[in-house]
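Peer 1: Below, each chain spelled out in residue letters.
2 protein chains.
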Amino acid sequence: MPLSYPNFKFEILKSSRQSNARLGKITTPHGDVLTPAFIFCATKAAIKGASPAQMKACDTQIQLANTYHLMINPGSDLVKRMGGLHKFMGWNGPLLTDSGGYQVFSLGYGSVSSEIKRKNLTPRQKSVCKISEEGVVFKSYLDGKLHKLTPEKSIEIQRDLGPDLVVVFDECTPYNVDKSYTENSLHLSHRWGVRSVNEFATHHTGVQALYGIIQGGVYPDLRCIAADFVNNQSFFGHAIGGSLGAEKEQMYDVVAFTVPLLNPSRPIHLLGIGGVRDIFSAVSHGIDTFDCVHPTRLARHGGALIRAIQNEDTTKEHLVLSHYRFKEDERPIDDTCTCECCRTYSRAYLRYLFSANELLAIQAVTLHNVTYMNRLMTAIRQAILDDRLEDEKKIWIHEEKEKTVQPKTKNTLIKSEMALV
Amino acid sequence: MPLSYPNFKFEILKSSRQSNARLGKITTPHGDVLTPAFIFCATKAAIKGASPAQMKACDTQIQLANTYHLMINPGSDLVKRMGGLHKFMGWNGPLLTDSGGYQVFSLGYGSVSSEIKRKNLTPRQKSVCKISEEGVVFKSYLDGKLHKLTPEKSIEIQRDLGPDLVVVFDECTPYNVDKSYTENSLHLSHRWGVRSVNEFATHHTGVQALYGIIQGGVYPDLRCIAADFVNNQSFFGHAIGGSLGAEKEQMYDVVAFTVPLLNPSRPIHLLGIGGVRDIFSAVSHGIDTFDCVHPTRLARHGGALIRAIQNEDTTKEHLVLSHYRFKEDERPIDDTCTCECCRTYSRAYLRYLFSANELLAIQAVTLHNVTYMNRLMTAIRQAILDDRLEDEKKIWIHEEKEKTVQPKTKNTLIKSEMALV
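So the sequence lines, in the order shown, correspond to chains A and B.
Residue 420 is where the first sequence ends in numbering that gives the first Met the number 0, and the numbering goes up by one at each step.
Residue 420 is where the second sequence ends in numbering that gives the first Met the number 0, and the numbering goes up by one at each step.
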């Protein structure tokens, strides 16, 4: 019997006339999320540098936490006993957890981020990760202790954590494998997907909704098979995962190709992507939600997101606050921004704080970047409503330079916001 | 001609019938400070872990910044060009800077904190600090570059920084010197005090008020000479500095002896003291303001200040949040506290955040400890008004244990909140 989600809803409020972009609303037991939306990464059940109250004050709609980190510390059983993740971390809005798959496989292939984002690192520690039909055995990043994650276990952990949106357990296929590995991995993920659905259905009380993941790498025929699979399972939403190609253009192609294959009545999430240019492209192809550590991580390294129309540096989507040119710059990061950081501090002060390694710097720029991302998504939603997404884009990102053709080898290092994740 | 401070005022609103405690109000161009008050240390022009808006939300009245740190980075000239410290750091309330003396001498004697607080460390790097009649030459803690600080230079820097309250430059006499050194140092500080006053007077426009420092170590006759000196200079307020003895009891004696020597119409500050027990004692002897890094530093190390009536651990004035017993403690730090931390997080969550090295832990407990100190001072002011300071004290600190007599040697390590500074 297919699952139903009486406490959840996805409505499409408007479809763009210019592209496949759409304006929507996801309803959850903890509130609504207007889409396109950005989901902020409270990886270990906390945003690094911002409290729930501050996130709310920055107009944040939704956050996510990571199953992998939380199962190791403090453990999902403790979070459950403390009343669930919402209560534990003090965030009363919509909340998503991932399945743990993405992080688990980082132990199998060096850094999964590096793999998925196409950084070519020496494969290391492959032996610590044993993949079988049953699931994955991996070593804790904290103490090396062995943990096992199976589809059933991942869903159970996510049930204990208690977020609104949960995700099936899959093998996060790395980039540097051939098509046959990708295909076998796809089918394993589908068998795991079915087990995830079954485990989810057994305990379904209506307070959570399940997302299925579309794998298939850069291969159109595999993406078709994956799309068929998720469409035929009673998922609430879909998330596009796995390798998105060697370069930005290839990622855009994979997204453009995959989205139309998916059941349009379900929200579509693009996993781990948060660059402004990437968001504009993906939104135009029909993506509804995004997540990425980029905005908050960038903040901790002194990068302040800023719209193209305010940025003299046409090579970046942010200001590098440590730069000498800000030494006596009395302006806020963005004089049109109403965040606490821009209301309170000059670029000169922020530059100084980073030079002095003062903690306040991280909090300040995190609040700005979070506000920026929420303003961006609000502007994108308004632009979809007004059918002027392409015009809106010009405000936020610099026009692309004439492209230099790069060799499409597996060794290509992409210098982009994606490499920062 | 004596200096006048038309934009500043110190009023005594009530004198206690039980002790020398007094309720007062310091008026500055940036607002009033009800006394007794606690001054929070924004050492490098930022509270570590809390924004000006958050400090305000915690009912903070006044902050201080350190001349020593700011003259090295970013430099007082830059702060001046950026509109002064208030604007630079985004704090619009009353603000004090110290003279730099305290920190400068830390280069002369290992850590000045250790010296003043009577930790017996091996004297090191004595050579980096040259004291002459003119002033002090010292090496920057950042890059070893030589800097000179004289009374005139210190006042000039503080003028550029632009806080409301500024302090004369003195030699911060260490503990492990004999009376003759202390006496010579005292007279040097007085000559520097006169030069500080003259430099201050030359540029006095009414926006700053000057504090004189009372030295004299643990010697009553020297404290008398020092009190005479400061009373006869046209200072706005007085600050008790220098060595306060080898043990808590000796510090209380020095304070009790010194305060009655001072012009009672001026506010009296006790430098670098912030333990709750010490504050109650000093308030009862007539101290009006305190400063100390203790509450914010303790927070960064997972110590949450809590009233005795809520603390099972009678040996401490705080909870050690990393302790195992808080692992599943669903209570806030203090269920009578209205700070963001206590409204939002359980002890279990805070314990977890510290175990996971999450930045949010620092912010959360900093806000709590700041709120705690402001509540403490509010309660003390109310208790003075109601003539029940001794009763109020019992709510905040555990009764003192029967004293074990300790040998009064210079090697005595005091295990107390003072040692944490």
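Heads up, a few of these hints could be off.
Which copy is meant is left open, because identical chains are indistinguishable; a pair holds if it fits in one copy or across any two.
Once the Cα atoms are required to be at most 25 Å apart in a straight line, the calculated DMTMM-like pairs of lysine to aspartate or glutamate come out as [what the hints assert, rightly or not]: (1) Lys-79 with Glu-10; (2) Lys-315 with Glu-246; (3) Lys-86 with Asp-334; (4) Lys-86 with Glu-248; (5) Lys-144 with Glu-329; (6) Lys-79 with Asp-334; (7) Lys-178 with Asp-220; (8) Lys-13 with Asp-252; (9) Lys-144 with Asp-159; (10) Lys-79 with Glu-399; (11) Lys-13 with Glu-182; (12) Lys-129 with Glu-389; (13) Lys-315 with Glu-248; (14) Lys-86 with Asp-177; (15) Lys-315 with Asp-252; (16) Lys-178 with Glu-399; (17) Lys-24 with Asp-390; (18) Lys-178 with Asp-159; (19) Lys-315 with Asp-385.
If you are wondering where the hints come from, they were derived from the structure by calculation, not from laboratory data.
Nothing here was measured: the structure is a model prediction, and the numbers come from that model.
Peer 1: Please go over all the hints and tell whether each is borne out by the structure.
Peer 2: Evaluated hints:
{"no.": "1", "hint": "Lys-79 with Glu-10", "verdict": "neither (31 Å within a copy, 55 Å between copies)"}
{"no.": "2", "hint": "Lys-315 with Glu-246", "verdict": "within (17 Å within a copy, 58 Å between copies)"}
{"no.": "3", "hint": "Lys-86 with Asp-334", "verdict": "between (36 Å within a copy, 16 Å between copies)"}
{"no.": "4", "hint": "Lys-86 with Glu-248", "verdict": "neither (41 Å within a copy, 46 Å between copies)"}
{"no.": "5", "hint": "Lys-144 with Glu-329", "verdict": "neither (51 Å within a copy, 28 Å between copies)"}
{"no.": "6", "hint": "Lys-79 with Asp-334", "verdict": "between (43 Å within a copy, 22 Å between copies)"}
{"no.": "7", "hint": "Lys-178 with Asp-220", "verdict": "within (11 Å within a copy, 89 Å between copies)"}
{"no.": "8", "hint": "Lys-13 with Asp-252", "verdict": "within (24 Å within a copy, 76 Å between copies)"}
{"no.": "9", "hint": "Lys-144 with Asp-159", "verdict": "within (21 Å within a copy, 57 Å between copies)"}
{"no.": "10", "hint": "Lys-79 with Glu-399", "verdict": "neither (48 Å within a copy, 41 Å between copies)"}
{"no.": "11", "hint": "Lys-13 with Glu-182", "verdict": "neither (36 Å within a copy, 82 Å between copies)"}
{"no.": "12", "hint": "Lys-129 with Glu-389", "verdict": "neither (46 Å within a copy, 66 Å between copies)"}
{"no.": "13", "hint": "Lys-315 with Glu-248", "verdict": "within (18 Å within a copy, 60 Å between copies)"}
{"no.": "14", "hint": "Lys-86 with Asp-177", "verdict": "neither (44 Å within a copy, 58 Å between copies)"}
{"no.": "15", "hint": "Lys-315 with Asp-252", "verdict": "within (23 Å within a copy, 62 Å between copies)"}
{"no.": "16", "hint": "Lys-178 with Glu-399", "verdict": "neither (31 Å within a copy, 74 Å between copies)"}
{"no.": "17", "hint": "Lys-24 with Asp-390", "verdict": "within (23 Å within a copy, 57 Å between copies)"}
{"no.": "18", "hint": "Lys-178 with Asp-159", "verdict": "neither (36 Å within a copy, 67 Å between copies)"}
{"no.": "19", "hint": "Lys-315 with Asp-385", "verdict": "neither (27 Å within a copy, 61 Å between copies)"}
Checked against the numbered hints above, the structure breaks hints 1, 4, 5, 10, 11, 12, 14, 16, 18 and 19 and satisfies the rest.
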